[in-house]
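Chain by chain, the residues:
2 protein chains.
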Amino acid sequence: MRLGEGVEWSLHCLLTLGWLGSDEPVSTARLAGIFELPPAYLNKRLQTLVRAGVLSSTPGARGGFRLARSPEKITVMEVVAAIEGPEYAFRCTEIRQRGAGKDRPQDFQRQCVITTAMRKAELAWRRELASQTLADLLAAAPDAAAERTRDWFADIG
Amino acid sequence: MRLGEGVEWSLHCLLTLGWLGSDEPVSTARLAGIFELPPAYLNKRLQTLVRAGVLSSTPGARGGFRLARSPEKITVMEVVAAIEGPEYAFRCTEIRQRGAGKDRPQDFQRQCVITTAMRKAELAWRRELASQTLADLLAAAPDAAAERTRDWFADIG
Chain A
2 MRLGEGVEWS
12 LHCLLTLGWL
22 GSDEPVSTAR
32 LAGIFELPPA
42 YLNKRLQTLV
52 RAGVLSSTPG
62 ARGGFRLARS
72 PEKITVMEVV
82 AAIEGPEYAF
92 RCTEIRQRGA
102 GKDRPQDFQR
112 QCVITTAMRK
122 AELAWRRELA
132 SQTLADLLAA
142 APDAAAERTR
152 DWFADIG
Chain B
2 MRLGEGVEWS
12 LHCLLTLGWL
22 GSDEPVSTAR
32 LAGIFELPPA
42 YLNKRLQTLV
52 RAGVLSSTPG
62 ARGGFRLARS
72 PEKITVMEVV
82 AAIEGPEYAF
92 RCTEIRQRGA
102 GKDRPQDFQR
112 QCVITTAMRK
122 AELAWRRELA
132 SQTLADLLAA
142 APDAAAERTR
152 DWFADIG
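These protein sequences, in sequence, are chains A and B. For the first sequence, the working numbering begins at 2 and goes up steadily by one. For the second sequence, the working numbering begins at 2 and goes up steadily by one.
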C-alpha cells in the first residue's frame, strides 16, 4: 500500500504558501522550483487542490496559487482525499459470493466482517488526519523552515 | 491508495480455516475453489503467510495449510503486514532537502512535520488492525457463513 508522491508535494506546497502568508498568488514554476519538482506534474496536483477548494488560482502572467482558506480551516485529510480520491484503501470484491456462496444471495445482506474490520481501521486513520490542520503543521515546523522559504522567494524576486 | 487483493484473499482463507477448525491441512486448490480464486496466485499469498508464522504448511499430496496459532493469537494487522510489507503508506522523499534546502543539511535534523502527521495517522490505523483478531472476525461473522463453508468442504469430500 502506498500513497502517491502527490500527497507529499501538495502538503509541502501548502506549508510554503502558509509561510509566505501573502495575498500574492505564487506560480507553479516557483512552487516547483523551491523543491526541484517537475512543474507540469505539480501543476496537475495544484489544480486538483483548487477543485477541492483548498487552493484558489489566479490566471495570467502574474497568476498562480494561494490558500483558499486560512490554515486553521484546511485539514490534512482534505488534502489526502483530494489527491488520492475518496475510495477506501481496502476494496471488497465480495469474493464470499463466488464459488460456495454463488447460489446463496440471502446470506449476504450484511456487510462482510472483513470489510467492517478494515473500514474501522481506515476510519481511525481518517479521523487522525482530519484532526490535524495546516495551522498545526505550520506551528510544529521549525522557524528555520519558514525563514528559508521566505528568503528563497525574496531572492528570486 | 489501495490495498492489494491479497489482503482480502488471505483474510477470507483464514476465516475458512478457522471455521473448518480441523487439524487436517487444506490444500490451495480447495481454498482457491471455495472462492473461485486463481490457485497459483493464491498459493503465493499463503506461502507468504507461512513465512510470517500465521499459517503452517504440510508438503505432499495430502498436504496444505492450517492456522499456525489459535485465532485469538492472529491479528488482522499481522496479516496485512505480511501481505503488504512493513513500509508506511506515506513515503517521505525528503523534498524539503532539495532546491532551497539543498545546502542547509543543518536544518533537517528533525523529522519533517508532514511525515510526523502522516505517521501518526498510520499508527492509528495499525493500532486498530492490531486490536482485531481472527477470533473476533469469526465471532462477528454470521453462522450461515460457517455452515456454508463446512458444507462445501464436506461435499467435495
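Honestly, the hints are just simulated from the structure, not real lab data. One or more hints might be untrue.
Because identical chains share one entry, a pair is satisfied inside a single copy or across any pair of copies.
[To be verified] Heads up, simulated DSS-like pairs for lysine-lysine below, C-alpha to C-alpha not over 30 angstroms straight-line:
hint, residue 1, residue 2
1, Lys103, Lys45
2, Lys103, Lys121
3, Lys121, Lys74
4, Lys74, Lys45
Since the model is a prediction, treat every value here as computed from it, not as a measurement.
Problem set entry | Index of numbered hints that the structure contradicts, given in increasing order | none
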